[in-house]
Structures are given as structure tokens and as C-alpha cells.
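Colleague: What follows is each chain in one-letter form.
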Amino acid sequence: MLSVKGLRANVGENEILTGLDLEVGPGEVHAIMGPNGSGKSTFAHVLSGREGYEVTSGSVQFDGHDLLELEPEERARLGLFLAFQYPVELPGVNNTYFLKAALNAIRKSRGESELDAVSFMRLMKERLKVLHLDDSLLKRPVNFGFSGGEKKRNEIFQMAMLEPRLAILDETDSGLDIDALRIVADGVNALRDPARSMIVVTHYQRLLDYIEPDHVHVLARGRIIRSGGKELALELEERGYGWIDEVAA
Amino acid sequence: MTPGKGAQGQGSPAALFQDWLPAAGRSTGQSLPWLAAQRVQARARVRELGVPSPKSEGWRYSSLSPLLEQGFRAVGEASGEAGSALDPGALQTLLIPELRSHRVVLVNGRFDAALSALGTLPRGVRIGGLRDSLARDPDALEGLLTSVAGDGSHVFTAINTASLDDGVVLLMERGALLEEPLEVIHVALPASADARGHELAPPVAHPRLLFSLGDGAQAEIIERYVGPGGGPSCTNAVVEIALGRGALLRHRRIQDEHADGFHLSGVYLSQGADSRYEGINIGLGGRWARTDLVMRFTGEHAECDLRGLYLAGDRQLLDYHLDVHHGLPHCASRENFKGILFGKGRAVFDGLVYVAPDAQKTDAAMSNRNLILSPNAEVDTKPQLEIYADDVKCSHGTTVGQIEPEMLFYLRSRGISAGLARRMLCLGFAGEIIDGLGPAALREHVTEQVGARLEQAPL
Ligand SMILES: Nc1ncnc2c1ncn2[C@@H]1O[C@H](COP(=O)(O)OP(=O)(O)O)[C@@H](O)[C@H]1O
Ligand SMILES: [Mg+2]
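Protein sequence lines correspond, in order, to chains A and B. Residue 1309, in the numbering used here, is where the first sequence stops; the numbers in between run on with no holes. Residue 856, in the numbering used here, is where the second sequence stops; the numbers in between run on with no holes.
Just so you know, these hints were derived from the structure itself, not from any lab. There may be inaccurate statements among the hints.
[Unchecked claim] SDA-like, lysine to any residue: derived pairs with alpha carbons at most 25 Å apart:
hint : chain 1 : residue 1 : chain 2 : residue 2
1    : A       : 1168      : A       : 1188
2    : A       : 1199      : B       : 824
3    : A       : 1160      : B       : 452
[What the hints assert, rightly or not] Counterexamples of contact, computed for chain B against chain A with all Cβ distances above 12 Å:
hint : residue
4    : 419
5    : 452
6    : 539
7    : 673
8    : 731
9    : 778
10   : 827
11   : 832
[To be verified] Covered by chain B, per the in silico footprint, the following chain A stretches (three or more residues, Cβ under 8 Å):
hint : region
12   : 1104-1111
13   : 1135-1144
14   : 1164-1173
Since this is a predicted model, take the numbers as computed values, not measurements. The C-beta atom is built at its ideal place from N, Cα and C for all residues, glycine as well.
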């Protein structure tokens, strides 16, 4: 489904991704762990097509498409979804209107008809409930004035609405208390599906107690230096990230 | 710049503005000495002021040349009465279907009784054409008409006074309540050919509006400036507003002239104690439009809330001047204007809040924020606070920025096209002002118009 080969990317003068390889198959959940500043968000942004990164070599294939050639909205329409580490506030942009525009754009690109108002509303309310979010959220501007936890839950709510083929969750656990973490994890687990893959980016092992990964990767200095099963996450938890510098250097 | 260059080829500024004035003695109410005196005085003032110098403070950002080059002539002089007729079918296309209102239609500044639909007015409320009102009950207007605007802030107000002939009057007695809004539709028509088929000079209309609310009276007024286009037209409107003690006026002004529309309006406001004025000025259309909002408090504990939204694209100049004078203590004012500029659009925001030495406990906050969507668009923003009292709460802020790339990326990452994403962000930016508009039908109409303008914009 996703095949990343030898990906190198710069921000300005600095090379942040230094030859990253990753293969994600259908239905698989991959965790990417690594110290702060190792390039986890950069990788997520490059995959979703954010400006400001220069890919200098390597390739990214997604369902047979050369992902790096596509605009961000084209990637989203192919089923790529990024749950942002720092969701952006959009003052004045109504949540319902926003979701409707997004869902319809994606449906249209798949040749599906627009969802009628009643079905759309029903779908939203059903998905909100899973994430313990209040209906009033629908009338508010996107993320505007939301608490940190609400923002993170809203990302997963959007994911539930848009039903992506590949979701990248960038530190969706950071800043959440244990109850909120459980809610978010339940929301994510409800979306697990043999046809849907996920890349769960996290700094801590904690989230992986709730969202069980098939594969765990350690990212350091812009590339994956170790891969393994979920026991690797536990090892990282015990040993910390200190040893990584020696390996990566 | 050569501001003296008129279409008639006459070089002198005074001669130029003679074309803007009706022939002396033609206007209505000649038998009213107080009104005749005002007109004569204003005529003298027009001569005295002449064409504003491009270097003068109030005019340095907006060139008058495009306006003066058109060779406008006063309506009655240019085209005769017959030239300014609008058929009812054409009016239909200019209406907002869902909007319920007491409707007054002015065609090139002339009150049109046939097109107006006043409906049943509540007790204590009078609405009518200015000309009719002067004919029927001039005493009700003496001491009121021209008293708020006075000499005005520039020559165009003086021209309006010198030409004072028709317009709209709203008189509300103490405690009167107007539940449905008064809607004033200013229709600007271009020149028509005369009987022999000669093109006539494009017309300039000088409507005068007077809104007087007695103590505790409450009303909502919607002014819409529209036109079918087809040639240059100009509206030079003056609006006088007097609010009694505790009166409340919600005043929405939608300038949506056609692409060859020229627009000048001076809104003069006098607020009694405990009164509240909420003004929302939307600037969407027109080629060249200047609005002056001039307000004075005549009693304490009054509140004035001025909001605005302007969208300027190619071949458009939208120009706002605010002159808010806190001369008395314990009054509050808010000035919040937002602009969206695209193409080669130009806008000016020139806002002054003056706080006199005695105006202690003044609470004033002025803000002007602009979104610039193209490198060729431009805005001159100049908010000023002049404060001479020491116990006040005053602030001002101004921003000129572009769409945040982060916001744009967030929307696009959800599958929304870049164009729609930009429009959504612009509408979100504009929403703060549009959301203040009532009734819902008006709000939806303006949202649609703004959306349509943005759709045309090369985003
Ligand atoms: N827009 C940017 N401008 C400058 N440096 C950046 C930018 N984005 C990321 N970086 C740098 O790239 C490195 C990796 O950052 P990031 O991908 O956010 O790491 P992580 O998500 O693993 O904490 C850091 O050194 C960071 O300072
Ligand atoms: Mg990060």
C-alpha cells in the first residue's frame, strides 16, 4: 500500500530525512517512535504534501501512485489522512461546512454522489458519540478555541468521517490525560479494518498499550534504525532513547 | 494628476463642480427660507472649497481623477426626469426575495413612490420621500435637516446640500418601535440618450437621507446601493442620523454598485445620552467608492459600534474614512473594519478616534485587518487615536497579511481544493463582520455576494 524508499528531504540547508525506508501493507498498523527532533513530523508532512520541504532523493509509492508528484488535496482524495500533531485553528470556518466540503470532495473524486444533508448529519452525530464529543462542536469554527484534548479528538473525528485508506497519527497522544487517551484509542481502534493502514507516530510507549501495532520502528536522525514487533516498544520504554545516539551516529 | 480635467473640457475646478449642481432655483422647497438659505450657503462653500487637492490629508490616498474624468452632471440637468425611470421588472432583479421590509426605492436619488412599498407603519413612525415631506410638513424638518451634517467634512457634502432636493425621511417619535427594517434601495442608472438619440452626460445623484429617532425609539435600517450597470453612474449620498436619549439604531449599508459605479457617501451621526448605534458597512461593488462616517456624542453613556467589510478587486478603489469624536465622558466606541484585496484592488482605511480633554472614561477600540490575496493589491491603513483625556481605555491595531499557509495546508490535507480552501478562509475572515448582519435573509444575501466575488477573484 505504501512503499517509501531511500527518502531524503531538506528543510532549508538542513537534511532532516536521511534515507528513510518503510513498507506498509493493507490493514497493518505501524508505530514510529523516536526522540524529539528525529524527523517524525517531517516524515508525516512530506507524505501529506506540505510545502517547505525539499525531497532530494528517494520515492514514495501509494497504491501505485507516485505520491510526491501529487498536490496535498489529491493525496487526501486517494485516501491519505494526517492527524496533525498541532491541529490548526480556522477562525470563522464552520466545522460542519468544513467536513461537508472535505467529504464531498473526496466522494466526488471517487465518483460517488454527495451525501444528502440528513445522512450527513446522522453520520456526524454517530461518529461524534464514539469520540465523546458534544454536538455543539459542529457549530463551532474548526479547532478554534478548542482545548488541547478537544483538538486531538477532533482530528480522530475527522478521520472517522473521511474513512481514509492510510492514516498517519502524529503524536495524537501527546497532551492527553489517561481518560482522553482511552477515548482517542477507542476511536482509532473502531476504525481498524483489513483495508485500512495506519502509521502511529509517538514519543511514548503508552499509546501502544491501547493501539496495538503490528510493527514498531525506531526513527533517529532522519532514518529508521531498527524495526521489530511490539516488544521493541517495551524495550524502548525501558532503555529510553539514550542508546540511539550511539547507534545512529 | 490633473483633477481639473472635466469631460466638458473646462479647466477650472469651480466650473467642474457647476456641472454637479442643479441650476439654481430648480430644487424643491424654494418657498422655505431656511432651506433656501442652506442651499445658497452650501453653493458658496462648494466654490470656496473647490476640488480637493491630492495632497490634502483626506485625499492623498485616493485619486479623484477617475471620478472627475467621467464628466458627471446633476441628474435633472443631464437627462431630464424621464431619463431616470426604472421599470418594475428591472427592480425585481435587484430585490432580496426573502427580505421583509418597509421598502423605499430611490432612482438616481429620486423617491419613486410606485416602486416603493412602505406597508403599514407602526404608530409614531413616518417614512416618506424627502420632496413629499418638504411639501407636506416642512415644519417637521426645519431645524433637523442639515443640522447633523452641517458643512460636512468635504466638498461633496456641500455639493449634496447645495443640490438638496429629494431622498428619504424617517421620523420616529419617542418610544416608537419599527419592527421590520426600513430598506432603502438606491438604484443608480447610467445616462440614457435624449429624444434625438444623443448620448447624455452620465448622471450624478445627490440623495439626502434623514433618520431621526426620538428618545427610546428603536429601528433597523438597511441601505443598499445597487444598479444594473451599462455605463457610468454616480451617487453622492448624505445620510443624517439623530438619535435621541436611549434610542437604538441598527444600520446596515451594503454598497454593491455595478462595475462602472462611482459612489460617495457621508454618514453623519449624532448620538444622545444612552443611545446605541450599530453600523455595518459592506463594500462589495463599484469602481470608485468613498465613505465617510462622522460621529458625535451629544450625551453621556452612549455607545457607537462601527463595523465594516470591504472586498476590492481589479479596477476598484474602496475608501473609508472614520471620524469618531468623543467630546463627552463615559461613551464607548468600537471601530472594526476588515478588508479582502485581490487582483489589482485598492482600499483605504483612514480612521480617527478623537478623545477631547473632558471625555474621561472613554472606552474606544479601533481595529483594521486586511487580507491581501495578490501581490498587485494594495491597502493604505491609517488608524489614529488622538487622546487628550487621561482616564481612558483606548486601543488600536492594524494588520495587513496573507492567508496563512498552515491553514491552507490543513484544509487541502482534507481533500479540499486550494481554490475552495482559500475562499473558505476568506469567508471565515469576513464572517466576523457578516455574522453581525440581520435579518437572516440579508446575511445570506451578503454571504452569497461575497462568495461570488471571491469566486471571480484570481485566487
Ligand atoms: N519548518 C522547519 N524549519 C526549520 N527546521 C525544521 C522545520 N521543521 C522541522 N525542522 C527541524 O527538523 C528536525 C526534525 O523535526 P520534526 O520532524 O518536527 O521532529 P519530531 O516530530 O520527530 O520531533 C528538527 O531539528 C527541527 O528543528
Ligand atoms: Mg513531531
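Colleague: Taking the hints in turn, state whether each one holds.
Modeller: Checked hints:
1. Between the alpha carbons of residue 1168 (chain A) and residue 1188 (chain A) the distance comes to roughly 23 Å, so the proposed pair stays at or under 25 Å and holds.
2. Restraint check for residue 1199 (chain A) and residue 824 (chain B): the C-alpha separation of about 16 Å stays at or below 25 Å, so the hint holds.
3. At most 25 Å may separate the alpha-carbon atoms for a hinted pair to count; residue 1160 (chain A) and residue 452 (chain B) exceed this at roughly 51 Å.
4. Distance check for residue 419 (chain B) against chain A: the nearest CB is about 46 Å away, which clears 12 Å, and the non-interface claim stands.
5. Residue-level check passed: residue 452 (chain B) sits 39 Å from the nearest beta carbon of chain A, beyond 12 Å.
6. The claim that residue 539 (chain B) is not at the interface with chain A holds, since no C-beta of that chain comes within 12 Å of its own (minimum 47 Å).
7. With a minimum CB-CB distance of about 25 Å to chain A, residue 673 (chain B) clears the 12 Å threshold, and the non-interface call stands.
8. Separation of residue 731 (chain B) from chain A is adequate, the least Cβ-Cβ distance of about 18 Å exceeding the 12 Å criterion.
9. At roughly 20 Å, the least C-beta separation between residue 778 (chain B) and chain A is larger than 12 Å, which holds for a residue marked as non-interface.
10. Not every CB of chain A is more than 12 Å from the CB of residue 827 (chain B) (nearest about 7 Å), against its label as outside the interface.
11. The claim that residue 832 (chain B) lies off the interface is violated: its Cβ sits roughly 8 Å from the closest Cβ of chain A, which falls inside the 12 Å cut-off.
12. For the region 1104-1111 of chain A, the stated coverage by chain B holds: 4 residues have a C-beta nearer than 8 Å to a C-beta of that chain, and at least 3 were required.
13. Requiring three or more residues with a Cβ within less than 8 Å of a Cβ of chain B, the coverage given for the region 1135-1144 of chain A holds, as 6 such residues are present.
14. Judged by the Cβ-Cβ criterion of 8 Å, the region 1164-1173 of chain A is covered by chain B as claimed, because 3 of its residues qualify and three suffice.
Violated hints for the displayed structure, listed by number in ascending order: 3, 10 and 11.
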